[in-house]
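**Q** So the chains spell out like this:
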Amino acid sequence: MSAASGGASREWRERRGQPPRRSSVLLGALVAVLALLAGCSDQNSAPDRLMDGSKAGSPPVELEGVERSVLTKVEVVAPSERAGTLSSSCLEQDWGIKPVGDSVERIGVATESVTFREVEDRGVFGCSRSVGPQDSQRRWCGIAYGRLYQGRLRDPRLDILCGTAEEPVGFAWVTPAHVTRYVSVEQPGYVEVYEVAGDLPVRVATVSGVEYERSSARFEILEHDDEGRLVHRYTLEPAVAG
Amino acid sequence: MRAAWRFAIGFAVAAALSAAGTAAGYHTQFVANNCNWAAPTPIASFTRDASITVALYARYEGYQWGGGCWDDDNRDDSPGDPTENPNTGGEGPDCSGFTFKIWREALDEGSTAFHQWWRLRFVHGPYTAARFMSAHGAANYPLSKSAAIKMDAFASTQHIGMIYAPNADGTDRIIEAKGEAYGTNIWTRTYRGSSSYSGVRRLGWSQP
Numbered sequence: 001m002s003a004a005s006g007g008a009s010r011e012w013r014e015r016r017g018q019p020p021r022r023s024s025v026l027l028g029a030l031v032a033v034l035a036l037l038a039g040c041s042d043q044n045s046a047p048d049r050l051m052d053g054s055k056a057g058s059p060p061v062e063l064e065g066v067e068r069s070v071l072t073k074v075e076v077v078a079p080s081e082r083a084g085t086l087s088s089s090c091l092e093q094d095w096g097i098k099p100v101g102d103s104v105e106r107i108g109v110a111t112e113s114v115t116f117r118e119v120e121d122r123g124v125f126g127c128s129r130s131v132g133p134q135d136s137q138r139r140w141c142g143i144a145y146g147r148l149y150q151g152r153l154r155d156p157r158l159d160i161l162c163g164t165a166e167e168p169v170g171f172a173w174v175t176p177a178h179v180t181r182y183v184s185v186e187q188p189g190y191v192e193v194y195e196v197a198g199d200l201p202v203r204v205a206t207v208s209g210v211e212y213e214r215s216s217a218r219f220e221i222l223e224h225d226d227e228g229r230l231v232h233r234y235t236l237e238p239a240v241a242g
Numbered sequence: 001m002r003a004a005w006r007f008a009i010g011f012a013v014a015a016a017l018s019a020a021g022t023a024a025g026y027h028t029q030f031v032a033n034n035c036n037w038a039a040p041t042p043i044a045s046f047t048r049d050a051s052i053t054v055a056l057y058a059r060y061e062g063y064q065w066g067g068g069c070w071d072d073d074n075r076d077d078s079p080g081d082p083t084e085n086p087n088t089g090g091e092g093p094d095c096s097g098f099t100f101k102i103w104r105e106a107l108d109e110g111s112t113a114f115h116q117w118w119r120l121r122f123v124h125g126p127y128t129a130a131r132f133m134s135a136h137g138a139a140n141y142p143l144s145k146s147a148a149i150k151m152d153a154f155a156s157t158q159h160i161g162m163i164y165a166p167n168a169d170g171t172d173r174i175i176e177a178k179g180e181a182y183g184t185n186i187w188t189r190t191y192r193g194s195s196s197y198s199g200v201r202r203l204g205w206s207q208p
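Line order of the protein sequences matches chains X and D.
Per this note's numbering, the very first residue in the first sequence carries number 1; after that it's consecutive.
Per this note's numbering, the very first residue in the second sequence carries number 1; after that it's consecutive.
Because the hints were derived from the structure by calculation, they are not lab data.
Mixed in with the good hints, there may be bad ones.
A few chain D positions that, by computed beta-carbon distances, are all more than 10 Å from chain X [to be verified]:
(1) Asn36
(2) Ser45
(3) Tyr60
(4) Leu107
(5) Gln116
(6) Ala129
(7) Leu143
(8) Thr190
27 Å max Cα-Cα, derived DSSO-like pairs, lysine-lysine [what the hints assert, rightly or not]:
(9) Lys150/D with Lys178/D
(10) Lys145/D with Lys178/D
(11) Lys73/X with Lys98/X
(12) Lys178/D with Lys98/X
(13) Lys73/X with Lys55/X
(14) Lys98/X with Lys150/D
All C-beta atoms, glycine included, are put in the ideal place defined by N, C-alpha and C.
This is chain X alone, in the form it adopts within the complex:
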């Protein structure tokens, strides 16, 4: 986001070797934006692969205020199609509760997740994992359950026990606004974009916002509608609870 234009501007100034004038700044910013749009920025480009090794895509619409975005993959899986899927793997865990309806599987740059709805809309639950070191005995490093109150979560159900090789990863559910089509999370150097799907809260991740000592995390969130208009921008700061 701002880091993208700031970095590009800084590079441009370094190439010029002198303080820029205002007209030059505007020209440089335009060049930087065009370069990013053309995909010819290498050092500052967003990750080009998702956790499953597939090629990372971009959102189908331009998201207001977002640069260097990566669109996560999302799959809505019907109960009859679960065999061999991430959803099936997550349900191998002894939950003591039953899912109902479709599940939502998400694959991001460094994380994966599955979300289910519990029967009678009592709650949502699911699994998550990340690119970091894994317990060989477990397919998933993260699990979570959230109780629904009149169809909504009161708490994002933060989970912080997954990680990359360097940092803990935080997972939380975001309940998007009614008009929201895309939920985005700022990551270091890029923005990870999640498409709303399956009428379920969106399990998002941060690879840099976990404060492990306080069992809390910070997510910088943006929500956009289906035409890319910014609907909502906020900081989510959940804590491990319950």
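With chain X held as given, fit chain D onto it using these hints.
**A** Chain D only, in chain X's frame:
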């Protein structure tokens, strides 16, 4: 006319005082005013009986979603907080934070070490009830419910409580942080016979 003014002013003052009282109830600032972030004290060993003693200090001290700090005055200093809101900063633990602290676990999920967290040291720990249910963390391991004894725990996706004492009829007296409306106390529960609950044990107790 003067009487009407008196009534109006009195009504306004009463309403303001009432609102102030409500706000105070929601924002007692217990954590901000009383709790600390001091480093825990590593201890070499810990017995089940000693953990019961520690747990009893939390009895009657209330409940706080995401909480982990309490004193020992046998009352909830932050009653009536909204449920599932960790930002109210009230007194008391929640169920998983209570278990983490009473089991004297370490923040590092790979550690089985015992860490003494003092009552006013705010800590919740990285585990939710669902995490305990799945025996995540090196210090926690799954246990047959029939083998569960004092200070083992029963956990579901939504709740965890520790065994204070088993009853002869198959139920247990459970010490648990139950909820904002209930606080932290000992109740007779049927978790042992419930399919929603699994057994989990803290690794490394010294006997008894």
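**Q** Which hints, by number, does the structure contradict?
**A** Hints 4, 6, 14 not satisfied by this model.
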